[in-house]
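Student: Sequence:
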Amino acid sequence: MDDIYRQYILEHYREPHNHGTLEHPTLSAADTNPLCGDRIAIELNVGDGDRVSEVRFSGRGCAISQATASMLTDRIEGATLDELRALTPNDIFEMLGVEIGPARQRCALLSLRVLHQGIQGPYTGRWDDDDEDEEDAPAP
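Per the numbering used here, the very first residue in the sequence shown carries number 422; after that it's consecutive.
Hints were generated in silico from the structure; no laboratory data involved. Check each hint, because a few of them may be wrong.
Unchecked claim - With beta-carbon atoms standing in for the labels, derived distance ranges:
hint, residue 1, residue 2, range
1, T509, L431, 22 to 30 Å
2, H445, P523, 15 to 23 Å
3, T509, H445, 28 to 36 Å
4, G441, G522, 28 to 36 Å
5, N511, R472, 34 to 42 Å
6, E520, R460, 35 to 43 Å
7, D471, Q428, 30 to 38 Å
Just so we're clear, the structure is a prediction, and the values are computed from it rather than from any experiment. Even for Gly, the Cβ is constructed at its ideal location relative to N, Cα and C.
All chains should be built: construct the whole structure from the sequences, respecting the hints.
Tutor: Here it is, written out as structure tokens:
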């Protein structure tokens with residue numbers, strides 16, 4: 422089963438969805454993963470009812486960071502800003518469908534961190550390998 426998900430990740434990496442830029446985005450943010458050099462920028466157009474009407478991402482990096490950004494943009498198009506704020510690292514891991522180690526988790530979570538920065542400022546959840554329980558982490 423993991424092979425199916427790995428293939429899905431590689432497909433998103435090789436042929437990313439929503440890759441590019443928007444001419445006049447409503448919201449945008451960019452960040453890097455300094456440990457491995459991944460870069461992600463996300464741009465949104467937000468329309469009526471605070472719904473995402475268009476989304477694009479750009480960047481470079483490993484297959485996990487780029488594929489996750491592609492998958493995340495598919496998921497958030499049409500969502501409300503409140504729905505975006507409610508996304509958690511667990512949502513990203515479920516979307517990937519495979520277990521990934523701690524070093525790769527940073528790659529996988531980069532696009533979520535960028536998204537949250539774009540809609541509400543820096544992400545306040547757990548982004549490092551400290552001893553804090555996820556239940557104790559502040560909500561995004």
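Student: Look at each hint and say if it fits the structure.
Tutor: Each hint tested on the structure:
Checked against the hint of 22 to 30 Å, the C-beta distance between T509 and L431 comes to roughly 25 Å, which is consistent with it. Between H445 and P523 the beta carbon distance is about 38 Å. The supplied range of 15 to 23 Å is therefore violated. For the pair T509 and H445, the beta carbons lie near 30 Å from each other, so the given range of 28 to 36 Å is met. The given range of 28 to 36 Å is respected by G441 and G522, whose C-beta atoms sit roughly 30 Å from each other.
At roughly 23 Å, the beta carbons of N511 and R472 sit outside the given window of 34 to 42 Å. Against the hinted window of 35 to 43 Å, the Cβ-Cβ separation of E520 and R460 comes to about 25 Å, which falls outside the hint. Here the CB-CB span from D471 to Q428 is close to 35 Å, well matched to the stated 30 to 38 Å.
When held up to the earlier numbered hints, the structure conflicts with 2, 5 and 6 and fits the remainder.
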